[in-house]
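Protein chains in written order, with this note's numbering: chain A, 1 to 372; chain B, 373 to 688; chain C, 689 to 962; chain D, 963 to 1195; chain E, 1196 to 1526.
Any given hint could be a false lead.
Below, in silico cross-link-like pairs of lysine to any residue (SDA-like), each with a Cα-Cα straight-line distance of 20 Å or less [said to hold, decoys possible]:
1) A:K214 <-> B:V500
2) D:K965 <-> C:G952
3) A:K366 <-> B:V500
4) C:K807 <-> C:T781
5) C:K942 <-> D:L1141
6) A:K60 <-> A:E283
7) C:K942 <-> D:K1143
8) A:K183 <-> E:E1334
9) A:K214 <-> A:T259
10) C:K870 <-> D:D1169
11) C:K942 <-> D:G1145
12) D:K1143 <-> C:R954
13) D:K1143 <-> C:L943
Facing chain A, from chain E, some residues (calculated, C-beta under 10 Å) [what the hints assert, rightly or not]:
14) V1229
15) S1234
16) N1331
17) Q1340
18) T1369
19) S1435
20) E1437
21) L1485
22) N1508
To be clear, the hints were calculated from the coordinates, so they are not data collected in a lab.
Even for Gly, the Cβ is constructed at its ideal location relative to N, Cα and C.
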Amino acid sequence: MNRTRILLTAAALLFASGAMPVLADDIVLGGSAPMSGAQAEFGQSQIDGAQLYFDQLNEKDGIKGNKVVFRPLDDRADPRQGTLVAQQFCDDSAVIGVIGHMNSGVTMPALDIYSECGMPQVVPATNPELMRMGFKTVVRPVANDFVQGALPAKYVTEKLGLKNAVLVHDKTVFGQGIAGVFKDNFEAGGGKVSGTYGTNPEDVDFSALIASIKLENPDVVYMGAGMPQLALFLKQMREQGLKAQFIGPDIGFTVDFITQVGAASAEGALMTFQLPPYDSSPELKDFSDRHQARFGRAPGPYASLGFANAQVMAAAVEKAESLDRAGVLAQLHGVTVDTLLGPVAFDENGENTTAPMYLYVVKDGKFELIKQ
Amino acid sequence: MFDYFLQQLIFALAIGAIYGLIALGYTMVYGVMRLINFAHGEFFMLGPYIYTFLFSGLVGLGGLAPVLDSAIAIVASFVIVGLLGVAIERFAYRPLRAYGRLAPMLSALGMSIVLQSAVRVTVGPQPVHFPAIVPSTPIDALGGMVTTVQLGILAAGVLLMVGLTLFVNGTRLGIWIRAASESWTTSSLLGIRVNRAVSLVFFIGPGLGAMAGIMYASYYGIMQPTMGSVIGLKAFTAAILGGIGSIPGAMLGGFLLGAIEVFGTAFLPILSFGYIGTEYRDVFAFAVLILVLLFKPAGLLGETVSEETTVAKKDY
Amino acid sequence: MALALENVSKHFGSLVAIRNLSLSFDVGSIYSIIGPNGAGKSTVVNMIAGSYSVTSGTIRLGATALNRLPKHRIAQLGVSRTYQNLRLFDGMTVLENLEVCFFPQSWLTFLTGAKRLSKAERLEICHACLAEFHLSDVADVLAGDLPYGRQKILELARAFVTQAPIVLLDEPAAGLNHTETKDMAAMIAGLKREDRAIILVEHDMDMVMSISDRIDVLNYGELLCSGTPDLVRTNERVQEAYLGTTEELDDIRKLAQSRRAQGGLRANAGIVRH
Amino acid sequence: MLKVAGLKAGYGRTQVLFGIDLDVRAGEIVTIIGANGAGKTSTLRSISGLTQIYSGEIEFKGRPIKGLPPEEITRLGLAHCPEGRQILQRLTVEENLLAGYIPGRGRSFDEIRTQVYDMFPILKERRHSLASRMSGGQQQMLAIGRSLMATPELLMLDEPSLGLAPKIINQIFEIIITLSKSGISLIVVEQNAAVALEIADYAYVIDAGRCSVEGGANNVLNDPDLKAAYLGA
Amino acid sequence: MGNSVIARRLGLLAVLALCVVLLVLVPYLPSYYVRVVDSILIYIILAVGLNLVVGYAGLLDLGFIAFYAVGAYAYALLASGQFDIHLPFIVVLFIGAAAGAIAGVLLGFPVLKLRGDYLAIVTLSFGEIIRIAINNADELTNGPQGIAGLDRANLFGLPLTSPVHFYWLLLVLTVIVCAGVYYMERSILGKAWRALREDQDVVRGLGINTTTLKLLAFALSAAIGGAGGVIFGSFQRFVSPESFTFQESLLVVLIIIIGGVGNIVGVIAGAVVLVILPEVLHFAAQYRLLIYGVVLVTVIVLRPGGLVSPRFNLGFIIRKVRTLWLSPSKT
């Protein structure tokens, strides 16, 4: 019985510590992404990026003199958890905007809840479907997968003249979706897709698959997957002597990609990204340095995205006439911001009209921007 | 086509050796404890992290020749992970022995979460590059291509398996383990300190898991906190396939699962005229497992326990 | 209804447990199978009940061949049994231990094809059975909490509650003291009925001799002798099987005596009864 | 050598021993006889630490051993050759012997093994075969041989004749006598009461978890009441 | 009638009243808490269903979530724009339960002869096969994209729109499921299951086909899982393979073990603890899972038999109420 009592007391203490006080005139913004579990790496990087921007704001007196309190909650990349988080934000009238969620599958059921409580929402998830569901409370600064899949397809067909591609994707919303977009554009550009192969999101051994792809003898391999799968695939591809042009999406745009593949093998790989190179502008250089100083590590895969999303949200709050959800929501679709990712403005669906996309090639162990 | 087949066989052997090593840990623990040690995948994950920590520490301290540093770090990783296994058995499983089989299994699940999260919060969730211990050089083998790393893995895997087999069959400690896995009561009557045999198993199993982890990280060039989950489940499948509790069964199961996966990927689309894509590889692997169990209900090398040999009360 | 074993053999690997055994049992009698340990008595019971497969030969109940049938079918056809070691459902009450026997007659008859009994009918039978076996006072006690002797009786009750025509009792007196054994013997004798054959495997000779109509003596899986208790008692081969031959014993005796010659041992100490 | 006083024991809530007293002296063969299920095996298991003991005292060589784990009791020199032989089926004959060997008791493995092989030549012949491939008699010999590997001072044999042919039974009993001559004290639990009493010095009759009768083997063997109880006469 | 009886009756009444008041008060909580309670209720339904197999029949099923998925996708396919089929919620509820049961029988039929751990791995494999199949069957299920915009559930003309509506629906269903399972547990079927768990061999000797018996447990439990899936689908209005991972199967098993195997009260306790724990731990951010794991191990090591003692079960509570109310002299 004694043990039971200890457990109960511990549980009560834990419950009590959950509530944290907020000062009356603070601006409270929510954020949500997976911070534990298998996708924590990506989620955490996004949260860190946003936190970095709000810290920066608070150093300069916040928004209209009000301090910004950023409250990230973990959704574990689980749709059910996502709805709980959404409801928690909705219930807390202090929260006047949310940045999240990272996964399209988590965002979908949550959209309903956010829209019902009139919560202005900035979404980092990239599935094209999301913005077509007709919710008016949400904007997406990041380019959806259409842009990201189309750009490299155009480049390889038109500039490089490569016409025979093989697609590999990891059967996730993102991977499969983006591979599909690439396929459409590649075929529109006169190319031929000679095979599409699905893998599992956690796979690390692609050698058997690569050996059979070799039989197709493609000159382009497009891979819609996450990290470290992109790196592992390319590494194993080169080890088997498959020389085809490798193209991957934004997740691969990290230094890790090149270290994990090995500079020699990574040479020539193409990667799309929403951002010009970190050393291309003082802002980006500054961002990278600040991130290093604040968290003790280089920006993670989605850190810049998180930063830009925070910029959009902050801009809407800045313009809002009243510091509540309705006030922010009224401005959300109309904001135009010059973010870290470039200028942002939204169409009636909440999609970024000017979402930029950059194509990089690995050269001498570094990503180099391809001038278009 | 022969080249292609041979090439795939090489891949199957390399990944099979890794599966087999991890499966050994499951099977040995299951043998003496009848416990599905869900935390086993995490020992696999800890291997390369501890190795990296030790290796860079050694190098930082001035170090010896890189080969020596590496060797010391490998052996030390085995020992550290092994001791961790012993400690976890002592504190998280042993108190639950009298409570049937579900409670320790749950505890193992909890330990798995704890270990994985602990690594994630200390070193971060991101995958980290793991420099190859042996430089990867391709070698031409009868039309197929094999890299030195693959050869190294196969050699190390087979070496460890042979070593374990010799240990378990030829030494007194090994006999203790086998005796304990057959019957705790009889073993204790013979004066065998069963708890020590259990500790020994919890030293060797996780140690081998750590070795597999180092081989794996070295093969693929990365390590990350979640790397143990999926492969742990697969190795467990391999152990069941071979007949859980059977040491040769675990090795066979490992190689077989490697082969099923590789050949599933390589030939499923061809054989099904493209209707079944490579994404069905795991379905195929699981289907093979279920089929095997329907015909050999105790796995390939497991002992068929019928009502006639033991009239066992309560399955768990 | 008669149960018959026709040329039945059972091999465990290379070990031959039962060799070409033919026996038949008719309703209305109590039969005992005796023999030294390892003679194959329990094997016979386990084969009849379907726990063991039969290597060769046939076991028939009436016209139905039992071997090859799954165990539960054999039970449904009217063969019930007890076990050498107590195998009650310890976590269930005494009443529940009996109730569960009527599962095939419950609303699930569509699965078993048995005659359906209502819950009230089932309970009535169970209570009557409890009364018959003097267990009514412990109906709601967990079986595992009963003293050993009453657990044995409960196991007996479980074998009889469904009124099976063939009842196999595997050492019902094992572990009971003399009084309990006597009571058990009287109880089993009282269960003899025209429509029931009771087949008993037992070591306690008092019990076997007092209640059996026929005794079958097994030795090394073969029938050594079969007949009334008086016949079996006087049979020399039975004596031998239980005691070993006198010549063989002599050798041991000599050895033992040579050892005892060293002295200081208590071989001739007096008997103390506690 | 071994003293048991007022032993009460059982399995969980089921008590099976209700007061057992035993006294085994050095060099003796003591037999425990009684009906099937009377508590003979449970008595041995309690002494070895396998059964939960409710109350009572057990002393071996003047040292209380109640509550010690089985392996430590064996290591003190009290070996238990269990009922049904409990051969480790997946091990070979020699591995079974190795499993039974306890280092640090003064004699090397090779030494005892040679002795066991001398006693049971069939074991030497089949040393590399799997134990499960052995016949019942051979398994019994292996079980005894394996118990000897622990260099016991007191050896408890539970039903060594169970399921064996008379010829083999005689061999086993001869071995028991030989062991005794070599200085090992023995407790023999037997169904085969007649033979057990022939070779034993002292006998305990256990009935429903209690010692009902004890006495010199010769007297027990010739007691008309007991004879009737065990031979059905 | 003595004073003490009256006092105890009042005490009991107070406890019961408190329970009722708590249940009635839930809708007045902020929606987040209602949603958490809804989650708890769904997991109670699932765990009570799985408990039939694990707790009563003694079979370890690690792929239970497959049936949940079958139910959820039944709703997604039959009540959404996916194929423009819009069946009423209540109809799909039964279809989902039936589909779950059929899946249960399909799985159970060949594999129930396997022993404990082998059964566990086969059910695990089955769960994964179902998930991967859903993930890959793009034409039918949209693959990893999932199916969005499922119909709002509609109960006899009353649309279920808010977490509170679902709370009442779930509460009623939970009571029905618990009562049904409790009744079954006390029926001869439940007794046969308990006997099966104790000694399968003897059960066969009583003329009971143990495979059928296990199959029944499997089918019933899968039906409850399927029904739970339908509710989940209608509640979430979005289904995707991510909701049906092996981890979810483990979670349901954990709920059963941590609460107390084979005990409905225990299952309820387990669901409450394991659903609330991660919510409480939100403050810990990235340390959440670590603390969760530590708590899990600590609880199991301190109380290996489960949080709720097997004696404290539904039958015990009912008996207590009955004896205190109907025949107070007995206590």
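Verification of the hints:
1. A:K214 <-> B:V500: Violated, at about 28 Å.
2. D:K965 <-> C:G952: Cα-Cα ~18 Å, so holds.
3. A:K366 <-> B:V500: Answer holds: K366 of chain A to V500 of chain B is near 18 Å, not above 20 Å.
4. C:K807 <-> C:T781: Answer holds: K807 of chain C to T781 of chain C is near 17 Å, not above 20 Å.
5. C:K942 <-> D:L1141: holds, 16 Å
6. A:K60 <-> A:E283: holds, 16 Å
7. C:K942 <-> D:K1143: holds, 14 Å
8. A:K183 <-> E:E1334: holds, 18 Å
9. A:K214 <-> A:T259: Violated - the C-alpha atoms of T259 of chain A and K214 of chain A are around 24 Å apart, more than 20 Å.
10. C:K870 <-> D:D1169: holds, 14 Å
11. C:K942 <-> D:G1145: holds, 19 Å
12. D:K1143 <-> C:R954: Judged against 20 Å, a Cα distance of about 15 Å means the pair holds.
13. D:K1143 <-> C:L943: holds, 10 Å
14. V1229: At about 8 Å, which falls below the 10 Å cut-off, the nearest Cβ of chain A leaves the hint on V1229 of chain E intact, so it holds.
15. S1234: With Cβ-Cβ at 7 Å, under 10 Å, it holds.
16. N1331: holds, 7 Å
17. Q1340: Where the cut-off is 10 Å and the nearest Cβ of chain A is about 5 Å from Q1340 of chain E, the hint holds.
18. T1369: With a closest approach of 17 Å, the T1369 of chain E hint is violated.
19. S1435: holds, 4 Å
20. E1437: It holds, given that the least Cβ distance between E1437 of chain E and chain A is near 5 Å, below 10 Å.
21. L1485: holds, 8 Å
22. N1508: Interface hint status for N1508 of chain E: violated (17 Å vs cutoff 10 Å).
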